[in-house]
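Student: So you can see what is in the structure, the chains are spelled out below.
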Amino acid sequence: MDLLEYQGKELFARHGLAVSRGMTARSVEDAVAAAAGLGFPVVVKAQVLIGGRGKAGGVKLAGSEEELREHAGAILGMSIRGHVVHTLWIERASEIASELYASVLLDRSAKAPLVMFSSEGGIEIEQVAREHPDKLAREHVDYLGGLQREQALEIAAAGGAPEDLREAIADALCCLYEVFCQEEATLTEINPLIITPEREVRALDAKVTLDDNALFRHPENQGYSDLESLDPLERRAREEGVQYVGLDGDIGILGNGAGLVMSTLDVVAQAGGRPANFLDAGGGADAAKIEQAASLILSNPAVKAVLFNIFGGITRCDEVAKGLIAAFESLKPTLPFVVRLDGTNAEQGRELLAEAQLPGVHSAQTMDEAAALVVELARSAENVGSAR
Amino acid sequence: MAILVERSTRLCVAGITGREGSFHTRANRDYGTNVVSGVTPGKGGQSMEGIPVFDRFADAVAQTQPNTAMIFVPPRFAADSILEAAAAGIELIVAITEGIPAHDELRVYNTLRRDHPQTRLIGPNCPGILSPEQANVGIIPAAVFAQGSVGVVSRSGTLTYQIGKEIAQAGLGCSTIVGIGGDPVPGSSFVEIIELFAGDPETELIVLAGEIGGSAEEEAAEYIAETVSKPVIAYIAGFTAPEGKTMGHAGAIVSGSAGTAQAKAQALEAHGVPVARTPSQVATLAVEALAQRTSS
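So the sequences go chain by chain: A and B.
Numbering follows my numbering, with no gaps: position 131 of the first sequence is 111.
Numbers in my numbering are just positions in the second sequence, counted from 1, shifted up by 200.
Errors might be hidden in some of the hints.
Here are the simulated lysine to aspartate or glutamate pairs, EDC-like style, with alpha carbons at most 20 angstroms apart [stated by the list, open to error]:
(1) A/91 / B/315
(2) A/91 / B/298
(3) B/243 / B/298
(4) A/35 / A/87
(5) B/445 / B/395
(6) B/445 / A/214
(7) A/91 / B/419
(8) A/312 / A/335
(9) A/115 / A/104
(10) A/269 / B/220
(11) A/35 / A/45
(12) A/115 / A/100
(13) A/187 / B/443
(14) A/91 / B/220
(15) B/445 / A/87
Rather than coming from a laboratory, the hints here were simulated on the basis of the structure.
The whole structure should be built from the sequences, with the hints applied where relevant.
Tutor: This is the structure we're talking about:
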């Protein structure tokens, strides 16, 4: 789960990392009230889970109430690369002497936490790595031993921290590492970490990804889930416990197992089609779950044809067939379906479908054949649509 | 011969009395796997259809000498169960459980490396290991696969079954199928399993089935180019996956420009590993590679 900036800052503050004072606002009036408490100038920051907010006009400095009203009004409701702004973070503006970069992330190839620090911050870390490789420190931490202060001091020095602030920066790195471990994050990043003219070190931004699988141990973090910013279908899928990712095509896809569903999307794309979604019904999905999943796919008005690609392992194909039959009874879809059943109880599943004689449901033997057929059906549906 | 699991496998199942655990233990035993015991805390002294159940791995090891453990316990207890099996001296642990917290996986991986370097962990979040006609440890539907000379290693479950089916339809069989799992911190990576296949006389061809996220495929590509003389064929899922979205598996995510299917396919091809674009093409390439090997 990715956190919004203000949520990440809350976590940082909980672990003693310095952040600027601020408040959230969901309306212009909220923003004005927040600024009255903080004092001008303030920074108005769009709270969205996507980078490039500043360039998109989602971060503005306001020196007066009039400016604040103008900026808050413009940013609320703004769409930044598809993410609509519902919440603002109003923060007391900071004076900045220099911008640094700090992060801790789970390095999958090393199977260890990786701490990175650079005295060149405020730009993308990839750009730092390219342009100032000598000023980017990257060090793995022994997970069982934790980040020791000595190592944090070494990392600060290697990344070019000014000498008078090495202690303070090492402290910040230790705090960040503590957030990473104790909150069970897979990423904690501060960009920029700033030095103020008074030589204070403070986090001006926060990017945190928490591990969903560990949330049961962190009930206080469960409220961070930002369902509001999700695509409505993705939100519904999450509530129903189905893995769904919306895409921009017109062929609805349902399969079992993440790898097989990804592969199905690829095979459909290669056959010339455009998938409308990724939907993994999961291992052992029963008829009710299949019916729910079918309904989810059909709620997307862009869908012109649907492909079910099932390779039964734990999942039983007869349950899939029953779910599809139930979906036809309750939803009465008029779109063409292509169903490919293989593996556990495939024969029974195919027989159930043959007996039910559902209108517009085609059976396919192989994955390639199923993909070719659904692409053709989506195309002819498109032609019918445009001829109308 | 095969790798990891074979006729000499003696399996102990943690979570044997649970719904999933008992179902798949039964299926593994019916396939011919020698299931010697199970572990469920608080149920020691009971039996599951004649298979003795113990409270702790240490007791199971003392009395039934398993050499392989399968972990079927719920995610919040799985890390400790894996470490308990390792401490009891079991050298191959297959963790099926999905949804284990990433920091638990970090702790397990690094503890095994420090305290039990001889222990090999497969998974978590994996379908297990099948050596056709010999032993099945996990949830792989054995009927899909025939016995033969193709070694398969994969990050996915059902996709592996799909590829196995295509291989079987092309008239080929498999030596062993290993699911290494879709989590961010797998106990074993492609490289370690490919190394085993490279040393297995029965395996003539290796199939690697990867997906978006991480850099395990890129690391495998380098390893193959440097050390593997057997032919290797790859398949990568997720060419159409958008950036920043987790595609079902916790580890399957494109972050910025890192972890894309394109980058993985390019790395593999640059190191001389052909990459199939569809599961059916895996079988076509496998038949070609084996024909070439026989003729040369």
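Student: Against the earlier hints, flag every one the structure doesn't satisfy and list their numbers going up.
Tutor: Result: hints 3, 4, 5, 11, 14 break, sorted rising.
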